[in-house]
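Enquirer: Here's the letter readout for the chains.
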Amino acid sequence: MTSWRTKLLPPLLAIVFAVLLSAIALIISGADPLDAYGTMIGQMFKGSTSVDTVNLATVYYLSGLAVAIGFQMNLFNIGVEGQYRFAAVVAAIAGGALKLPPVIHTVAILLVAVLAGMAYASIPAVLKVTRGVSEVISTIMLNAIVAGIIAFLINADQFGVQTGNNIGTRVIEPSGRIPGIPIGQGTLFGFVFIAALIGVAYWFMLNRTRFGFELKASGESTTAAAAGGVNAKKMTLIAMLLSGGVAGLVAMPELLGRDYNYGITSTQMYGFTGIAVALLGRNHPGGIALGALLWAFLDTSAVSLEQIHVSKEIATIMQGIIVLSVVVAYEIVRRADLAAEQRRVGRALAANGRKGASVAEGGAV
Amino acid sequence: MITADLTPESGTTMPVQRKRSKIPGWLRGVIWAVVAIGVLSTASYSTGVAALTSSNTAHTALRLALPILLCALGGLWAERAGVVNIGLEGMMILGTWGAAWGSYNGGVWAGLVAAMVMGALGGLLHAVATVTFNVNHIVSGVAINLLGLGVAKYLSNLIFAPISGNPRQSPPVPKFDTYSAAGLTDWLTDLEKEQRVVISDVAGILRGLVSEVAPLTMIAILLVPVSYYVLWRTRFGLRLRSCGENPVAAESLGVNVYRHKYIAMLASGAFAGMGGASLVLLKGGADYLENQTNGRGFIGLAAMIFGNWRPGGLLGGAALFGYSDGLQLAGGGTAVLALLYGAVILVAIIVVIQLIRKQWLAAALGVIGAGVLYAIYWTQDTLPSDLIPYTAHFVTLIVLAVASQRLRPPRADGQPYRRGED
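Protein sequence lines, in the order shown, are assigned to chains Y and D.
Residue numbering for the first sequence follows the working numbering, starting at 1 and increasing by one per position.
Residue numbering for the second sequence follows the working numbering, starting at 1 and increasing by one per position.
Honestly, the hints are just simulated from the structure, not real lab data.
Keep in mind it's a predicted model, so treat the numbers as computed, not measured.
Each hint can be trusted.
Cβ pair distances, simulated, as ranges: (1) D:132 to Y:347: 27 to 35 angstroms; (2) Y:161 to D:194: 47 to 55 angstroms; (3) D:165 to Y:308: 20 to 28 angstroms; (4) D:226 to Y:48: 51 to 59 angstroms; (5) Y:335 to D:358: 54 to 62 angstroms.
Even glycine gets a Cβ: it sits at the ideal position worked out from N, Cα and C.
This is chain Y alone, in the form it adopts within the complex:
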């Protein structure tokens, strides 16, 4: 019963529910919900907001993919946050130091980012496989520690460069940058296409390769997969490293398309957003893309709420409600489907009398 109902109804229900609940919060704070939502949607057509939304969604998409790879293996990689920030600072340092011809320079930076993400992810992976340390706890610690590592690395004593009040890594030469596409008042990241390719690769790996099958199998049931000859520990290790590798790319659209260096003030929290986006998209590459766009829309258009004197935190509340209601909605629809299935089988049994339902209707073989 994977009909359109089970796939599309839950997210729609969740969004409707979130909109209603946020409307209540808006009314309490003395604002007109229709006015607030109208302003948020109207903001999309002003200036570069729509391009910014797609750019931000690219970042969220990569982060969501990184988390989703872990989810396939029943691994909860909260550590995407730490992995992408570690990779970003290492790649920025390497990119600033390297002197290479165009394209090769870019590829080198991306390679460094992937490897750095993998390296940081290898710590919880090895701890989990050899010592049984819960990846949730170890990655939370590593997420906190990464802030210290970044502060240490971009200190002027190590690799940092002081520019005004901001300390950051050395600026990457134009040869290492990824050119964007100017649209209206904004510039679309060239990385959008690379992110889409990674999404396709993710889909291909999961659905068309033996490795993807084994990964999903051991995520469903470790014991069953082990009986089929899949080494669960090896799969855990590989899934975590892959997840870390993709996480390493999360900061690249902004680093190579807009900022060109990584500083103390560079944005964070993309890793946590990735968890929510992966949940919204149910680990499907297309779903994750939609989730990323929705999330980015809420983030970029929330700023406009200040114009009508509504605090923009309402967007954060809305995001929290959406995540919770999406998962609840999936459960409700699943239960409703199950009940409908049982009724259908019951009716078929009653109609056929003693013969029993046909296999197609859910009867016994």
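Chain D: place on chain Y using the hints.
Expert: Just chain D now, kept in the frame of chain Y:
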């Protein structure tokens, strides 16, 4: 759901008879405390860094350990009932807002109650999602962390911003009064000043723990034995823990699993909210401040796992993290370096124990670890100042890596449960 009973974890395997250790739990705690103080005073004596055992360090450590301890207790209640509560951080954030709001309007005790109510609301939401709707526990926890942050920011903007003029901060709020055991502290102060080996160290630590104690501190510490008593020595506690071990069996014996999980989650949220209150309502802490929890909810969860899902153990975990955090605040890089020296001594003791037990590999690894630590201690004058604030996190990681092989979580921890489906 129907296929779930085919996996060997749920019921088909017999519990393996483990060799019972002869040492009772409380005695093991005392031994650990004695070893810790012995190691610290030796390290303090041989490195000449007094901050390792100064009353200032102990006092700061106690203040920093409280939120972690309360969150760990919250985690204990939830996970013993079989609900993984990664939303402690969000409930704690709700608690900090509640504490500031209640305390500003009705004094410290109102603040404490408001914090507990706000936290319990977060716990209730987690219970509705995980128990009633069977949502994945970690997913729901992540959502609650998001919601807690958003709601606190929103409420702060709505209520605190007009008073304090800053949406990220509350106006100054009343704090708990503190009490010192007058005669005892003077005597301990004298002892600490005499600089005698071991005695002065013990006196310093004790003085830090008994001077200027707030009622909230006493309540928090009392909650550890109270939690032990309720969860392990009452009928209600047995039923609650049975929901975390084997809910199907519990239900078949007439235990209302849903109700016990709900109660556990309310308690868990209230404890986490109290943890938030301990950040706001103690002297030396900030008023409500955005992002002031700074991941302490997660560290509390780590302290609980470190403590093997037991009250005594999580007290030890909270003390460890509070101490390493307090030490870096009170003593800085040189003190943390001296702590490394202490770690070398501790590892040396463990190596000797492993040699006696003829665990050659473990002993060899221990020798290598001690060698590396000692090399760092010997070659460096101080540690990078950017990394010092993360001492507690490093300690957590290392301790988990070394210690976690003998941990046993509640058997049905994090498993979905629906009445009649299994």
